[in-house]
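*Asks:* Starting from the given sequences, assemble the full structure and let the hints guide the process.
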Amino acid sequence: MDLTGKKVLAFTDEEFEDLEMWYPVLRLREAGAVVHVAGAKAGSVYHGKYGVPLQSDYAFNDVRSQDYDGLYVPGGWAPDKMRRVPDVLRLTQEFHRDNKPIAQICHAGWVLISAKIVSGYRMTSTPGIKDDLENAGAIWVDEEVVVDRNIVSGRRPPDLPAFMREFIRLLGSRSS
1 MDLTGKKVLA FTDEEFEDLE MWYPVLRLRE AGAVVHVAGA KAGSVYHGKY
51 GVPLQSDYAF NDVRSQDYDG LYVPGGWAPD KMRRVPDVLR LTQEFHRDNK
101 PIAQICHAGW VLISAKIVSG YRMTSTPGIK DDLENAGAIW VDEEVVVDRN
151 IVSGRRPPDL PAFMREFIRL LGSRSS
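Numbering (the numbering used here), first residue to last: 1 to 176.
Hints may contain errors.
As a list, the in silico DSBU-like pairs of lysine-lysine whose alpha-carbon atoms are at most 30 Å apart [stated by the list, open to error]:
| id | residue 1 | residue 2 |
| --- | --- | --- |
| 1 | Lys81 | Lys116 |
| 2 | Lys100 | Lys130 |
| 3 | Lys41 | Lys100 |
| 4 | Lys116 | Lys7 |
| 5 | Lys81 | Lys7 |
| 6 | Lys100 | Lys81 |
| 7 | Lys130 | Lys81 |
| 8 | Lys100 | Lys7 |
| 9 | Lys7 | Lys41 |
| 10 | Lys49 | Lys116 |
| 11 | Lys49 | Lys130 |
| 12 | Lys116 | Lys41 |
| 13 | Lys116 | Lys130 |
| 14 | Lys116 | Lys100 |
| 15 | Lys49 | Lys81 |
| 16 | Lys100 | Lys49 |
| 17 | Lys81 | Lys41 |
| 18 | Lys7 | Lys49 |
DEER-style ranges, computed between Cβ atoms [as the list claims (entries may be wrong)]:
| id | residue 1 | residue 2 | range |
| --- | --- | --- | --- |
| 19 | Gly5 | Asp57 | 17 to 27 Å |
| 20 | Asp57 | Ile139 | 26 to 36 Å |
| 21 | Ser173 | Gly120 | 17 to 27 Å |
| 22 | Gly51 | Lys116 | 27 to 37 Å |
| 23 | Glu134 | Asp57 | 31 to 41 Å |
| 24 | Ala42 | Asp148 | 24 to 34 Å |
| 25 | Ser173 | His36 | 29 to 39 Å |
| 26 | Thr126 | Trp22 | 27 to 37 Å |
| 27 | Gly43 | Glu134 | 37 to 47 Å |
| 28 | Ala42 | Ile139 | 32 to 42 Å |
| 29 | Gly137 | Asn99 | 13 to 23 Å |
| 30 | Pro158 | Pro86 | 30 to 40 Å |
| 31 | Asp80 | Gly137 | 15 to 25 Å |
Everything labelled a hint here was simulated from the structure, so no lab data went into it.
The beta-carbon is built from N, C-alpha and C at its ideal position, and this holds for glycine as well.
*Replies:* Right, dumping it as structure tokens:
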């Protein structure tokens, strides 16, 4: 599906899961989307769990959700850091309020939990945060990808092809 004209914001911090960051960013760009990466500081280099570097384009507090069509949150240990940042939670809530696609995989559900947007949603994740999602009101299922309204969720790196197929499909089905 062609995503030309679509803009996606991706969150990052130290210890993102390398494949869960790079595979989605590259797939989105291959489909024609513009992907901007936001971290705590603009122009900073963040490292994945396996050492792969990624430079942020913007700081969390420098981006506006209304400038983007969708949000991507990678897994790894980065979500545990990001969920403590008020601007991350604000942006996540704004994307959700505006019914824009939000994709999260593995431990990224922590960000959505802290943003208080998962209650009543059918979701998946790494089994390690199943209890966290259920305690926040989500309906957890063990499937490679789940789409419920505007949220696309995935479990782990082997699920990335199905996960990205659905995120790209959802982004492409929305008018800018």
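*Asks:* Next step is simple, just say for each hint if it's right about the structure.
*Replies:* Evaluation of the provided hints:
For the suggested pair Lys81 and Lys116, the alpha carbons sit about 16 Å apart, so the restraint of at most 30 Å is met. Proximity of Lys100 to Lys130 is assessed by CA-CA distance (about 24 Å); at most 30 Å being required, the pair is judged to hold. Using a Cα cut-off of 30 Å, the hinted pair Lys41 and Lys100 holds, with the two alpha carbons roughly 24 Å apart. Only pairs whose Cα atoms come within 30 Å are accepted, and Lys116 paired with Lys7 is accepted, the gap being roughly 24 Å.
At roughly 24 Å between alpha-carbon atoms, Lys81 and Lys7 fall within 30 Å of each other, so this suggested pair holds. In summary, the hint linking Lys100 to Lys81 is supported, as the alpha carbons are separated by about 23 Å, within the 30 Å threshold. Between Lys130 and Lys81 the CA atoms are separated by roughly 19 Å; this keeps the pair inside 30 Å, and the hint holds. A hinted pair counts as satisfied when its Cα atoms are at most 30 Å apart, and Lys100 with Lys7 qualifies at roughly 11 Å.
This hinted pair checks out: Lys7 and Lys41 have alpha carbons roughly 20 Å apart, not beyond 30 Å. Restraint check for Lys49 and Lys116: the C-alpha separation of about 26 Å stays at or below 30 Å, so the hint holds. Distance restraint check for Lys49 and Lys130: the Cα-Cα separation of roughly 21 Å lies within the 30 Å cut-off, and the hinted pair is therefore satisfied. Note on Lys116 and Lys41: the hinted pairing holds, with a Cα-Cα distance of about 24 Å set against a maximum of 30 Å.
With a C-alpha separation of about 15 Å, the suggested pair Lys116 and Lys130 falls inside the 30 Å cut-off, and the hint holds. Distance restraint check for Lys116 and Lys100: the Cα-Cα separation of roughly 16 Å lies within the 30 Å cut-off, and the hinted pair is therefore satisfied. For the given pair, Lys49 sits about 13 Å from Lys81 by alpha-carbon distance, which is consistent with the 30 Å threshold. Restraint check: the Cα-Cα separation between Lys100 and Lys49 comes to about 29 Å, which is no more than 30 Å; the hinted pair holds.
For the hint linking Lys81 to Lys41, the alpha-carbon distance of about 14 Å falls within 30 Å, and the restraint holds. For the proposed pair Lys7 and Lys49, the alpha carbon gap of about 26 Å is at most 30 Å, so the pair holds. Range check, Gly5 to Asp57: Cβ separation about 18 Å, and the 17 to 27 Å hint holds. Evaluation of the 26 to 36 Å hint for Asp57 and Ile139 yields a pass: the beta carbon distance comes to about 35 Å.
Roughly 22 Å separates the CB atoms of Ser173 and Gly120, a value that falls within the hinted 17 to 27 Å. Checked against the hint of 27 to 37 Å, the C-beta distance between Gly51 and Lys116 comes to roughly 33 Å, which is consistent with it. Taken as a hint, the range 31 to 41 Å holds for the pair Glu134 and Asp57, whose Cβ atoms sit roughly 35 Å apart. Evaluation of the 24 to 34 Å hint for Ala42 and Asp148 yields a pass: the beta carbon distance comes to about 33 Å.
A hinted range of 29 to 39 Å for the beta carbons of Ser173 and His36 is inconsistent with their spacing of about 21 Å. Range check, Thr126 to Trp22: Cβ separation about 18 Å, and the 27 to 37 Å hint is violated. Here the CB-CB span from Gly43 to Glu134 is close to 38 Å, well matched to the stated 37 to 47 Å. One distance hint, 32 to 42 Å for the beta-carbon pair Ala42 and Ile139, holds here, with the actual separation near 37 Å.
The given range of 13 to 23 Å is respected by Gly137 and Asn99, whose C-beta atoms sit roughly 18 Å from each other. Checked against the hint of 30 to 40 Å, the C-beta distance between Pro158 and Pro86 comes to roughly 34 Å, which is consistent with it. For Asp80 and Gly137, the Cβ-Cβ distance of about 20 Å falls inside the hinted range of 15 to 25 Å, so the restraint holds.
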